[in-house]
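Start from chain W and add chain S with the ligands according to the hints.
From first to last, the protein sequence lines stand for chains W and S.
Under my numbering, the residue at position 246 of the first sequence is numbered 246, and the numbers go up by one with no gaps.
Position in the second sequence (from 1) plus 494 gives the number in my numbering.
Since the hints were made in silico from the structure, they are not lab data.
Hints may be right or wrong, so weigh each one.
[Said to hold, decoys possible] In silico lysine to aspartate or glutamate, EDC-like type, Cα no more than 20 angstroms apart, as pairs: (1) S:Lys-1146 / S:Glu-913; (2) W:Lys-233 / S:Asp-772; (3) S:Lys-666 / S:Asp-794; (4) S:Lys-916 / S:Asp-969; (5) S:Lys-1005 / S:Asp-969; (6) W:Lys-233 / S:Asp-535; (7) S:Lys-585 / S:Glu-728; (8) W:Lys-233 / S:Glu-619; (9) S:Lys-1005 / S:Glu-1046; (10) W:Lys-240 / S:Glu-619.
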Amino acid sequence: MARGSIKFLYRGGVVELSNVGPNDTLLDWLRLDRGACGTKEGCAEGDCGACTVAIGTLRDSALAYEPVNSCIQLLGMIDGKELITVEDLSADDARLHPVQDAMLRHHGSQCGFCTPGIVMSLFTLYHGETSPDRGVVNDYLAGNLCRCTGYRPIVDAARDACSGAPNDRFSAGMAATVDTLAGLVDGEDVLIGDEASFFAAPATIEALAELCARHPDATLVSGATDVGLWITKQLRVLPKIIHLGRVAGLSDIRETDNGVHIGAGTTYAQAEPALSRIDPDLGELLRRIGAKQVRAAGTVGGNIANGSPIGDTPPALIALGAELHLRRGATARTMPLEEFFIDYGRQDRGPGEFVTGVDVPHLGPGEVFRCYKISKRFDQDISALLGAFKFTIEDGRVADARIAFGGMAATPKRAARAEAAIIGGKLSNERDWAAALAALGEDFRPIDDVRASAGYRLQTARALLEKVLHEAGGEASAATRVVGVRTGERGHVA
Amino acid sequence: MWHSARRRTQIPPADDGVSVGSAIAHDSAAGQIRGSAQYIDDMPEAANLVHVAPGYATGAAKGRITRLDLDAVRAAPGVVAVLTSTDIPGKNDCSPSFGGDPIFADGRVEFHGQVVFAVAARTREQARKAARLAKIDVEAETPAVTVEDGLASGETVLPDYQFLRGDPARAKDGAANVVSGSLRVGGQEHFYLEGQVAMALPGEGGEIHVYSSTQHPSEVQHLVANMLGKPEAEIVCECRRMGGGFGGKESQASQWGCIAALAASVTGRAAKLRLDRDDDMIMTGKRHDVRVDYTYAHDDKGRLAAVVVEFNMRCGYSADLSLGVCDRTMFHTDNAYYYPNVRIHSRRVKTDTVSNTAFRGFGGPQGMVFAERMMDEIAIRLGIDPLDVRKRNFYGRGRDVTPFGMKVADNIAPRLIRELEKTSDYRQRRKAVKAFNRQNRFLKKGLALTPVKFGIAFTLKHLNQAGALVHVYTDGSVQVNHGGTEMGQGLHTKVAQVVAEEFGIDFDRVKITATTTDKVPNTTPTAASSGSDLNGMAAKRAAEIIRNRMAEVAARLHQATTSDVGFAGNMVRVGEREIPFAELARTCFLERVSLSSTGYFATPKITWDRETTSGQPFLYFAYGAACSEVTIDTLTGEMRVDRVDVLHDVGKSLNPAIDIGQIEGGFVQGMGWLTTEDLVYDASGRLATHAPSTYKIPTASDVPEDFRVTLWDSKGNREPTIYRSKAVGEPPIMLAISVFSAITDAVASLRPGRVPKLDAPATPEAIARAVRSMREA
Ligand code: FES
Ligand code: FES
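In isolation and in its complexed conformation, chain W is listed as follows:
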């Protein structure tokens, strides 16, 4: 029997809702149903952070607080979690939460409209890090736009408030919260609605497979970081929503013989440590996908299944030689990731079929990996183009090459001609690179759009190939990059 309701922890009690529409957003529930108007709407598309709330999730019996954009989070998705909003931070009127107090003392609000969201992001920082440096604070703030302050006082407030171990009523009540959330884990499928319109959150992969087979027209949702906008911006009605977040085993990350398996329901945030271990550039790429809020909700599987030509993980995973796992009913299949992307808006995924995970191999001896994201703004932006490169270097020459780009074609795509042309090339001889640089012009016919012109895209694709060759040849990334200097490398002249 499926459960016809969702249950979550809110303001100290378990809330059970059986009247949850498939397209209801968490923000609307807060503001319209509960009249909790502290949480603001700035954009309704997951890009400003004014609507940030903290979501507490129990993972391996530990509670983690993550920021989430409530404007594009579907209400049903918070089943089994704790929901905390700005109004809930201080227990009484007299006392402020440490992050609120620091925001006040450091003059961190002007117009105040971004402030509740910022406070909530800082709340997750307060529970996530101790004595964060500027980079970490920036990272926690990247999803919160403030048009007034210039951020400096907010950063000061963050560093001030987060100088010690968390000591608030949430840390004090942690054990009880863990118990409550553990009590909400029932292994039951959630199904609210009827056959024509429902919100479903199956608990097992078998239930998911069965549901997908029965409703091939349903919309599969992992983090809703894209689907949320279909609802809030395109005003589409999506009558059947199948949420993947509760499926047991779908969010596994495990070491395999030669790499790591990332379950389709793994959020970017969860995948980040494992992928960073493959290469720091991959970690940096993950860091630059959306912002904390997006990474706490969006998944690697969703990024792939969505099929966007500007998804950030596919080119990198293709270059690394990742393999994709799919399932329909009881049938599973595996393919090289690049084969999944057939054409714009078209992937090799049948009706009722879903992505279950991706295997990413480790780098072998002599293998060098680099990837670069180019966007107008460093953080929380969508790529104009993204280049990912894996070279096998032998005796100072490129013995093998996998090159993939996003933003250069209708799909994430390998640069077959450039790959062929660079093989055999000497890293120390720039003349050896010319053919490959030229070949990129045959591999790709990029387009003009708001993010970049076709000319810039092609020119920069070449620049990135040059850059990777310099770096593979030993140039320190501190001398070749203004951001994303590789961890572990020593700084340079500056």
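Positioned in the frame of chain W, the structure of chain S with the ligands alone reads:
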């Protein structure tokens, strides 16, 4: 780095018992931080409130409307009313100036996104969904989208205007160096975090109370009255706070107030209109983008002899506030420099796009970017340090009259620059930048130190007035109301500080209330950085009137003279005695003395006459300077700001925390304008960057960790402004020009003597293009 990254912005702590000059927290801060500060969309809704959504012709930017079929809209679930121009009983116009801004397009569409109708429904979702069901056919014409399109069509929204001094043509002929060029500077979306919103409540007898997120409540009141054909006395407009304004809610909040009021009037129900972010970006105007065409002449030392410059400002489809905006570009074409012979020409180009409007700086920044570009160009060509070229062109003795004839009497720019040059370690770092650039093949650094001189006052003379209303209650608490609006800039806090200071009472005894047209009437917009100058003064006068009355009572009762009476520390001193302020307030009531007063202020010395181009447009100038260091990646065009030092003049600060907040926030906003914020229109006139996913304002990581902001150690404004402070709202925007100049400097390092072709915004693509231009033959 040559300096370990270190943040030095220091805000002195608030002094107990002293109000003016201390770093008191924003009066709404605690509420904002708790989420309890109310914005209009957070207010309780009347039970039968209708939500209003605007609709437009999605397929066209320009042309005659041949069919307006709203049947499906009317039939949609939850719809209560559909409104078009025919529902307007009075005037269908919400222009702040010369007319031509229909509330609902009537017969013709003039830009993509122009509102044609609105739908009121029971829920906002229903209204938004219904609005998309309209069928609007337009006999589409090719729109003029770019400045070039507009110039080709020859249409303008307002006549050209010009400042001329001397004989620039002759001066050019005699000069050693004559250079011509062209520069494009992009527009800017305000991106206030709270989008446009208004809620209207119908009252008895057809009265309407409009809550509007507006910088100009009196104008909303006025326009709603005109629209409904009612006397202004029947309309009230109220605004407690905005979630950001930046000029975007000066004139362009009115339309939404009007439509909400119309919906309330037609349905008899409360009505709320909150724009979706994408609609907001499509339907409201932005900073004017501009193509600047110029020729200038200078000697071999880089000193200017003549400047001839033409600003082709893209105004959009109507005049809106373009007169003032375009004039202010001209007023700041000199920035801090003396142009002996000069012709500044401004063309107010009409395009078939949304009407561009006020944006922090109000045209001034565009003029200044040109001035600083010119300095950079001269320096690059002559191989002189750009700071030296700047210094050689500063206003000074015998070179102190602006192109519009105003004497620069309070010029502290040279001293301020000298100070910043020292504290930022400019010369040392210049050497280090050169060394870095010699050693690095891919990354190049740039450094620039640029000044700001910004004129304070509305250049439209009659706007320089303000009113306030102060009440003292018998428990000694004080309520203050004034004509200015709070958009985050801390105006209410500063005004309350002024009132607390006048009465010698604690800041928290002063309650500041929502701006509303039934308390202080006939107000001017909160704009031109003049909020505290005007309203602070008006509130001070109101408080003085009451304080004098109280002093008289105290003197009479204690056989003293009023000169023996002093107000401080919540006490009133009468000779040797001290009585609590509250006690004196009670006594005044018993003595039947009024504890309420209005206060009024009109800025003196403003004599500008636009017709004759003469007189004084500004009361004084605010000054500042910034030194920025950047690194660019010459392969990709990516850029990082490494360090920023700011020294800024706020006179005697009313509140250093608020002032530093304005400086830092303004700087970052200006930096966004000149770097990542890129407005893209497609050829059919649609704004392609209509959401934060494609339009990128700065995030925390774009702000350098090493960001040092210092207030200039001022003896106070020369003019007797409120406690000798200076306006601070707009000037800091222009400090960010130092970032643009530093990028220019970095690119220029690739080939000494050649000027990079760099336009604003300096996106990675623009920088990469400029880098390429250096490598071309
Ligand atoms: S409202 Fe902007 S991210 Fe949710
Ligand atoms: S305080 Fe206004 S947007 Fe942050």
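Status of each hint after checking the structure:
For the hint linking S:Lys-1146 to S:Glu-913, the alpha-carbon distance of about 18 angstroms falls within 20 angstroms, and the restraint holds. With a C-alpha separation of about 8 angstroms, the suggested pair W:Lys-233 and S:Asp-772 falls inside the 20 angstroms cut-off, and the hint holds. Distance restraint check for S:Lys-666 and S:Asp-794: the Cα-Cα separation of roughly 13 angstroms lies within the 20 angstroms cut-off, and the hinted pair is therefore satisfied. Proximity of S:Lys-916 to S:Asp-969 is assessed by CA-CA distance (about 53 angstroms); at most 20 angstroms being required, the pair is judged violated.
In summary, the hint linking S:Lys-1005 to S:Asp-969 is supported, as the alpha carbons are separated by about 13 angstroms, within the 20 angstroms threshold. Of the supplied pair hints, the one linking W:Lys-233 and S:Asp-535 holds, its CA atoms being roughly 19 angstroms apart against a limit of 20 angstroms. The straight-line distance between the Cα atoms of S:Lys-585 and S:Glu-728 is roughly 16 angstroms, inside the 20 angstroms bound, and the hint therefore holds. Taking the CA atoms of W:Lys-233 and S:Glu-619, the gap is about 11 angstroms. The hint holds against a cut of 20 angstroms.
About 25 angstroms separates the Cα atoms of S:Lys-1005 and S:Glu-1046, which puts this hinted pair outside 20 angstroms; it is violated. Distance hint between W:Lys-240 and S:Glu-619 is fulfilled; the C-alpha atoms sit about 19 angstroms from each other, no more than 20 angstroms.
Comparing the model with each earlier hint shows violations of hints 4 and 9; every other hint is respected.
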